[in-house]
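J.: One letter stands for each residue in the lines below.
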Amino acid sequence: MPIDTPQLLDTARQIIEISATIAFALSGVLKAAHKKLDVVGVCVLAFIAAFGGGTLRDLLLDNRPFFWASHDYLVWAVLFMSLLAISFLRRKHFQITERAMLWPDMLGLGLFTAVGVDLAAELGMSPLISVMMGVVTGVFGGVLRDVLCGEIPQAFRDHQPYAVCAFAGGGADLLLRQFDAVHETAPLLACVVVTAGLRALAMWRQWRIPSWRMED
Amino acid sequence: MPIDTPQLLDTARQIIEISATIAFALSGVLKAAHKKLDVVGVCVLAFIAAFGGGTLRDLLLDNRPFFWASHDYLVWAVLFMSLLAISFLRRKHFQITERAMLWPDMLGLGLFTAVGVDLAAELGMSPLISVMMGVVTGVFGGVLRDVLCGEIPQAFRDHQPYAVCAFAGGGADLLLRQFDAVHETAPLLACVVVTAGLRALAMWRQWRIPSWRMED
Amino acid sequence: MPIDTPQLLDTARQIIEISATIAFALSGVLKAAHKKLDVVGVCVLAFIAAFGGGTLRDLLLDNRPFFWASHDYLVWAVLFMSLLAISFLRRKHFQITERAMLWPDMLGLGLFTAVGVDLAAELGMSPLISVMMGVVTGVFGGVLRDVLCGEIPQAFRDHQPYAVCAFAGGGADLLLRQFDAVHETAPLLACVVVTAGLRALAMWRQWRIPSWRMED
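If you read the protein sequences in the order shown, they are chains A, B and C. So the first sequence is numbered by the UniProt record's numbering: it starts at 1 and just counts up by one. So the second sequence is numbered by the UniProt record's numbering: it starts at 1 and just counts up by one. So the third sequence is numbered by the UniProt record's numbering: it starts at 1 and just counts up by one.
Calculated directly from the structure, the hints in this document are not laboratory data. Hints are supplied without guarantee of correctness; some may be wrong.
Some chain B residues well away from chain A (every beta-carbon gap over 10 Å; in silico) [said to hold, decoys possible]:
| # | residue |
| --- | --- |
| 1 | 7 |
| 2 | 93 |
| 3 | 125 |
| 4 | 126 |
| 5 | 201 |
| 6 | 210 |
Estimated spans, in silico, between C-beta atoms of each pair [what the hints assert, rightly or not]:
| # | chain 1 | residue 1 | chain 2 | residue 2 | range |
| --- | --- | --- | --- | --- | --- |
| 7 | A | 91 | C | 103 | 33 to 43 Å |
| 8 | A | 96 | B | 201 | 49 to 59 Å |
| 9 | B | 95 | C | 10 | 40 to 50 Å |
Remember, it's a predicted structure, so these values are computed and weren't measured experimentally. Beta carbons: idealized from backbone N, C-alpha and C, even for Gly.
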């Protein structure tokens, strides 16, 4: 009996999706901890970091119901994880948590971007707008998380390639979608590989993106 | 002639609705005063504190027209109240204003939560999402008000049970909706009583909700 | 051959539209420069300053597709301008850039307000709500730009008539729409003239709008 590749891919996708959602939510939990928020703040920031990007994309594309509204087990998971974290996660665990989140976060950035690009392209958006919707899906959960904490979003000021990796991955996704010959999961795979690969490279080589030179 | 109970309830509901809207708007006005905003800032914050929660809920549920768009006498009332406040309200009146707002705010939190829960449940949302939409309706006006002032929302960091009371009230609402035998206004009444009752208890007994213990 | 007035007006409108979009986007670029954001932050702030107001109005009115989604050459222009600015604009050019933006910004405030008022009125909104939608279109790009930078929006605290001019212009637009006799572009023209004229007067005479007197 041959191995059922599509189903393997589907399972892989679901595993990435759930672990990325948890990693995104954990970034909200850690931010809430740094800001000394109460349990309501922790849960809200976890929710917004996990689902804010996709929700903003769906608002812009007028796409309903929201992903979290039709998959509410994910909301339960994020709430449960938030309560678990507030009970057991202590400052000494922060560093190891952040390291453990790195890989799911990278893969999730790629996967969420691909989902956004594909949805926008199917709704007939132009290539530029489709890639933008992909970047919004992957990046704006973190942006909303930071705005709710009264901070300038990290994605706008840390000079690391993050949104830029998602932009490149979204471009790869759209490019592959032009060819009829390729398997239907190829664009999604390309987006995940390009986004996560660039992000890993960027962190390893400590790439910096251009910023304003204010000296002159 | 028997007393017409449904109409009495309806009148009571309208009185709570209008006084709660004014109390929510006043919280925006006071925040604007603390931040030394100009008259535009005062009016916008009053509007957002009063209508922001319901507007966000309607955006998420794709429900139109907005409450304030079809009842624009409420917008006139909020605008008029804002101009009145900027003309006559002085720092020495702030404390008494805040005390006078306490009861309408509590009842309004319960009423707005019930409205949100009922709308979401009627649109077929799951119980968790329905209660969330109720909490968004009651709490996110204040959250948006604080975000527009560049502050971390009070609801996320003051360690007082506020969103939590709305959550419990929304749960009571949904629970009663399961029973066919009860009168149709019973869930709404239960939500208002549970939310406002818990909130009053919490303020009287100075309850605190858990927050992050950062010491260890 | 007579001069084709409607087409002249249409061309004038397009010129104002494009130069105002660029002026609004530049206000985002300069804000990003002051905050030392990276290239992602510069592009996002430029986009939000240029299109945020119209996008919020369309979200509230449930109007799709967004202006920028169906005219994506404008998004390309804003992106291109942002990259150009980060490459060549230096601190010594800031003052002259701000002065060059004044007129396109004034005319754009009037034009964007008129577009918002007309759209809302055609969707059957009440006069107050229509004028509010006009003000949102003209002013909330700047508000969202400031919120994303963790600042209290300039429009709420600089005590200069800005939103107030748009409010008056929107009122003039609605007023002229009551008369069947006038040419269909008259309301739009009235809104631009009143808004930009009041704004120019306000800057020349250094008018201030009322704010809170906290001393007593």
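J.: If a hint holds in the structure, say so; if it doesn't, say that too.
T.: Okay, the hints, checked on the actual structure:
The claim that residue 7(B) is not at the interface with chain A holds, since no C-beta of that chain comes within 10 Å of its own (minimum 36 Å). For residue 93(B), the shortest C-beta to C-beta distance to chain A comes to about 28 Å, beyond the 10 Å cut-off, and the non-interface label holds. Some Cβ of chain A comes within 10 Å of the Cβ of residue 125(B); the nearest lies about 6 Å off, and the non-interface call is violated. Residue placement check: residue 126(B) does not keep its beta carbon more than 10 Å from all beta carbons of chain A (closest about 5 Å).
At the 10 Å boundary, the C-beta of residue 201(B) stays outside the reach of chain A, the nearest C-beta of that chain being 17 Å off. Consistency note on residue 210(B): stated as away from chain A, yet its beta-carbon is not over 10 Å from all of that chain's, at 5 Å minimum. One distance hint, 33 to 43 Å for the beta-carbon pair residue 91(A) and residue 103(C), is violated here, with the actual separation near 54 Å. Take residue 96(A) and residue 201(B): their Cβ atoms lie about 40 Å apart, and the range 49 to 59 Å is violated.
Look at residue 95(B) against residue 10(C): about 58 Å separates their beta carbons, and that is not inside 40 to 50 Å.
In summary, the numbered hints that this structure violates are 3, 4, 6, 7, 8, 9.
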